[in-house]
Amino acid sequence: MEERYDPKEVEPKWQKYWAERKLYQTRTGTARKKFYCLEMFPYPSGKIHMGHVRNYAIGDVIARYKKMQGYNVLHPMGWDSFGLPAENAAIKHSVHPSKWTYENISYMKTQLNKLGLSYDWGREVTTCSPAYYRWNQWFFVKMFEQGLAYRKSSYVNWCPSCETVLANEQVIDTRCWRCDSVVVQKELFQWFLKITHYAEELLEGCADLKGWPERVVLMQENWIGKSHGVEVDFRVDGTDDSIRIFTTRPDTLYGATFLCISPPHPIAEKLVNDRSALEGITAHYGKTDEKIGLFTGRYCVNPVNDERIPVYIANFVLMEYGTGAIMSVPAHDQRDFEFAKKYGLEIRTVIESAESGQSRKIPLQSAFEDEGVLVSSGPFSGLKSDEAREKIADYIEQKDLGRKVVNYKLRDWGISRQRYWGTPIPVVYCDKCGIVPVPERDLPVILPEDVRVTGKGGSPLLESSSFINTSCPVCGGPARRETDTMDTFFDSSWYFVAYCFDDSKIDPPAAIRNPESPVHYWMPVDQYIGGVEHAVLHLLYSRFFTRVMRDLGIVGSGEPFANLLTQGMVIKDGAKMSKSKGNVVDPDYLIDRYGSDTSRLFSLFAAPPEKDLDWSDKGVEGAYRFLGRIWGIVHKNLSSLKGVDSWCPAEKDLKDISGAAGSLLRKTHQTIKKVTSDIEREYHFNTAIAALMELANELTGHEPAPGKDLQAFKFSVETALLLLSPFTPHIAEELWTAIGNEPSVSEREWPAWDEDLVREEQVELVIQVNGKLRSKLMIPMGTPEEEIKKIALNDTRTMEFVGPKQVRKVIVARGRLVNIVIG
RNA sequence: GCCGGAGUGGCGGAAUUGGUAGACGCAAGGGACUUAAAAUCCCUCGUCAGAAAUGGCGUACCGGUUCGAGUCCGGUCUCCGGCACCA
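Residue 1039 in the numbering used here sits at position 93 of the first sequence, and the numbers go up by one each step.
These aren't lab readings, by the way, just hints derived from the structure by calculation. It should be emphasised that the depicted structure is a prediction, and the values quoted were computed from it without experimental measurement. We treat Cβ as the ideally placed atom computed from N, Cα and C, and that holds for glycine. The reader is advised that the hints may include incorrect statements.
Result set (DSS-like, lysine-lysine): computed pairs, CA atoms no more than 27 Å apart in a straight line [to be verified]:
| hint | residue 1 | residue 2 |
| --- | --- | --- |
| 1 | K959 | K1132 |
| 2 | K1156 | K1237 |
| 3 | K1038 | K1098 |
| 4 | K1355 | K1132 |
| 5 | K1522 | K993 |
| 6 | K959 | K979 |
| 7 | K980 | K1098 |
| 8 | K993 | K1088 |
| 9 | K1582 | K1598 |
| 10 | K1350 | K1233 |
| 11 | K1619 | K1557 |
| 12 | K1582 | K959 |
| 13 | K1337 | K1350 |
| 14 | K1156 | K1582 |
| 15 | K1620 | K1722 |
| 16 | K1525 | K993 |
| 17 | K1055 | K959 |
| 18 | K954 | K1588 |
| 19 | K968 | K1060 |
| 20 | K1055 | K1598 |
| 21 | K993 | K1619 |
| 22 | K1355 | K1402 |
| 23 | K968 | K1557 |
| 24 | K1060 | K993 |
| 25 | K1337 | K1237 |
| 26 | K1755 | K1718 |
| 27 | K1088 | K1098 |
| 28 | K1156 | K1755 |
| 29 | K1557 | K1525 |
| 30 | K980 | K968 |
| 31 | K1098 | K1233 |
| 32 | K1527 | K993 |
| 33 | K1045 | K1098 |
| 34 | K979 | K1557 |
| 35 | K954 | K979 |
| 36 | K954 | K1060 |
Beta-carbon label-pair distances, calculated as ranges [said to hold, decoys possible]:
| hint | residue 1 | residue 2 | range |
| --- | --- | --- | --- |
| 37 | K1098 | G1243 | 28 to 36 Å |
| 38 | A1456 | E1167 | 32 to 40 Å |
| 39 | T1056 | K1402 | 49 to 57 Å |
| 40 | N1460 | S1411 | 36 to 44 Å |
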């Protein structure tokens, strides 16, 4: 009677065993080399989805593999638990966000444990707990002290549905990243973090992100968006004022026929007498559908040729980039061109195509934006664009008309959110002392729980008088607390440092310039794994935050993540799995029906980790069948396997076992090599698993004779289980112990291969004639080239193709391929 | 518009420095076992021709380099992702 594979029996048993022995607990500072393996922590939305299963399965394989290789592995997990969905749930179900969040955490934790993930739960972090967010506040105060956190009024992205501000990174295609509502511009006082202070460093650091996917690095570079140009002052005719513009094309300076300034530009009010007209155009600021301008009635003087050119207020000119004003060169900029056409302004060519000296005649159909040769540009005429850019920029600096500058698209990070469920910004407003940060000794500023979340009338904190009313830490007089909370991306910008502290004793100040701190031992993260949707948001914020922590002396380097793996989405029926599309597969159902080993195995086997994974119910069945086959192989031979020691002969001793056992042994060593190198090579788990399936196919047909053959067979079975254990830890553990070994298989050493046993005695020689495959035959490994040529030319099948034609050349490649060139 | 990435059987995917295209799995078809079904096991499985042996064609398309190209180079098409009035 053969026992059947039943994951429901196997999996809970070993999960309990691992938890009881705290097998995955990590200690800081052992003699072993460290490896910090981290998956992006989840938002506790209720239950995990297949994207989580995939993400955590990938991370778990890496963590377990590294552990078996002898590393001291840190593999933690936690909860990104502040955020809007908790408030929405509170409104919908009249439950407090805190209760909702903690209940979700509790359920999702049992789900993660059911997956058999090797986390050290002793380091769990929960961002909505005061024990965590007090450090958010501490970091904020530190940044405030250094001028890295500041408050200003500005136009911000406002989501009318979430009733809160969004950072630029959170606006996707003019819509809210979370709820998809169209974002509007609104003027508000907001807290900002000076990420632009690190713009250059964040950009330069991109070059060192060797372990990151290239496209993510490129996205970051584009987002930071560095450009070189000049600022030029244009005097307003008849006044002492001047307007400073920014351009990356000083070579077109002689083609400027008007000037445009942004509606919020401080000088706009001075230039325009008609207030309502100015308000009219301001209403169109930030809209991208149409270019609208307002002539101010004023003129500026182009400093290089003293020409008077009209000044416009234009809705498309951004206040936040450059100087908020531009010179308009309609002949060489498409936007200026459209604007000039609309308002009947002069279009003057100053750059001609360098090719074949052809001149471009007015009227142009569109702007000529390419580089070329300058014309009608005074002393600079005849120069090429690139030379002219340098010369004109130099001229402007020499004559003190402006200066060379570098600009970035990156803007400071607005972190104020008009929401309840977040970290209170630790600031009070005092009539006498102004803006006062809450001193360190008074942290944390606790988020009051006795509020009603209704979703109406703004943040519930506005109605909590016990929260708002406080005293000024400086003068002791009455003061009001800031009611905005922090963007939750603040929470996730340093959580990887929080995990480093032993026993959840998070204490960043203790790490400052303390070489004994566990933070210095564990950081940076050696392998980070998560979705590509965070390519700029979370990953850029974390790089910024880590630089701030470096400057505080908490970490040694500014880069938080040495290697990054961005896993693909889980797709079903051609679309990303999502509740709204109704194509989700519930991990609970999957685990209940097939077990977590099967769930893990399928998500690792169906596609390489960085690619999208196409869901297939039948594919899951296949993964389950494979595990059933492994189970069958072991149980069919259980009694004999139990009674012997495993043994692997050296190559020279293969004569002691049968040919069949010998070739199984070779296959085993080839599989060790293949699985190891596939994991090392970009974590290609899918091909690693395919190799294990091949080994299983060989084991299936094998019937070992008692004695040395059986011992060699046991070696193959044990090796298969060791190799399998990072992928499917439960069944590996069960079968490992079933054949008489002590648990835990995950504490064993990763197997090593013997190169002599990897090598086959015979190789297949492939014979081509003029590059076409014509014949195959077996030859001994290591046959000399001359011999191979002879064999090939004497092969009867080959000779049929060669016929009477002359053999011009014979090429031997890799000792197993011959190409005979005839003609 | 700008910047990336990808196009391989019915499907997911292999092919590591240019050297046997289609590993492994799924689906499909056939067979064994069974009273029957499920499960399991065995065989076939790019396409065209052929009973078969075998041969022609074949990695989006066109061209090039090479003894040899899925892989390198030039061009075209399609799809996906990111940014987008950034002056």
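Hint by hint, here is what the structure shows:
1. K959 / K1132: violated, 57 Å
2. K1156 / K1237: Outside the cut-off at roughly 42 Å; violated.
3. K1038 / K1098: Violated - the C-alpha atoms of K1098 and K1038 are around 34 Å apart, more than 27 Å.
4. K1355 / K1132: holds, 20 Å
5. K1522 / K993: At roughly 17 Å apart (the allowed maximum being 27 Å), K993 and K1522 satisfy the hint.
6. K959 / K979: violated, 31 Å
7. K980 / K1098: violated, 43 Å
8. K993 / K1088: Not OK: K993 and K1088 at ~36 Å, beyond 27 Å, violated.
9. K1582 / K1598: violated, 30 Å
10. K1350 / K1233: violated, 30 Å
11. K1619 / K1557: It holds: about 24 Å lies between the C-alpha atoms, which stays within 27 Å.
12. K1582 / K959: Measuring from Cα to Cα gives roughly 22 Å; hence the hint holds.
13. K1337 / K1350: This hinted pair holds, its Cα atoms lying about 11 Å apart.
14. K1156 / K1582: The given pair, whose Cα atoms are some 48 Å apart, is violated under the 27 Å limit.
15. K1620 / K1722: At roughly 25 Å apart (the allowed maximum being 27 Å), K1722 and K1620 satisfy the hint.
16. K1525 / K993: The given pair, whose Cα atoms are some 12 Å apart, holds under the 27 Å limit.
17. K1055 / K959: holds, 17 Å
18. K954 / K1588: Given pair K954, K1588 holds - Cα atoms ~24 Å apart, limit 27 Å.
19. K968 / K1060: Distance ~16 Å between K968 and K1060 Cα, so the pair holds.
20. K1055 / K1598: violated, 52 Å
21. K993 / K1619: Violated, at about 38 Å.
22. K1355 / K1402: Violated, at roughly 35 Å.
23. K968 / K1557: Violated: K968 and K1557 sit about 34 Å apart, past 27 Å.
24. K1060 / K993: holds, 13 Å
25. K1337 / K1237: violated, 33 Å
26. K1755 / K1718: holds, 15 Å
27. K1088 / K1098: holds, 18 Å
28. K1156 / K1755: violated, 43 Å
29. K1557 / K1525: The hint holds at about 21 Å.
30. K980 / K968: Answer holds: K980 to K968 is near 19 Å, not above 27 Å.
31. K1098 / K1233: Satisfied, since the Cα-Cα distance of roughly 23 Å is no more than 27 Å.
32. K1527 / K993: holds, 17 Å
33. K1045 / K1098: violated, 35 Å
34. K979 / K1557: violated, 31 Å
35. K954 / K979: At roughly 36 Å apart (the allowed maximum being 27 Å), K979 and K954 break the hint.
36. K954 / K1060: Holds, at about 10 Å.
37. K1098 / G1243: 28 to 36 Å: holds, 31 Å
38. A1456 / E1167: 32 to 40 Å: Holds: the Cβ-Cβ distance is about 35 Å, inside 32 to 40 Å.
39. T1056 / K1402: 49 to 57 Å: violated, 35 Å
40. N1460 / S1411: 36 to 44 Å: holds, 42 Å
When the structure is compared with the earlier hints, violations turn up for hints 1, 2, 3, 6, 7, 8, 9, 10, 14, 20, 21, 22, 23, 25, 28, 33, 34, 35 and 39 and for no others.
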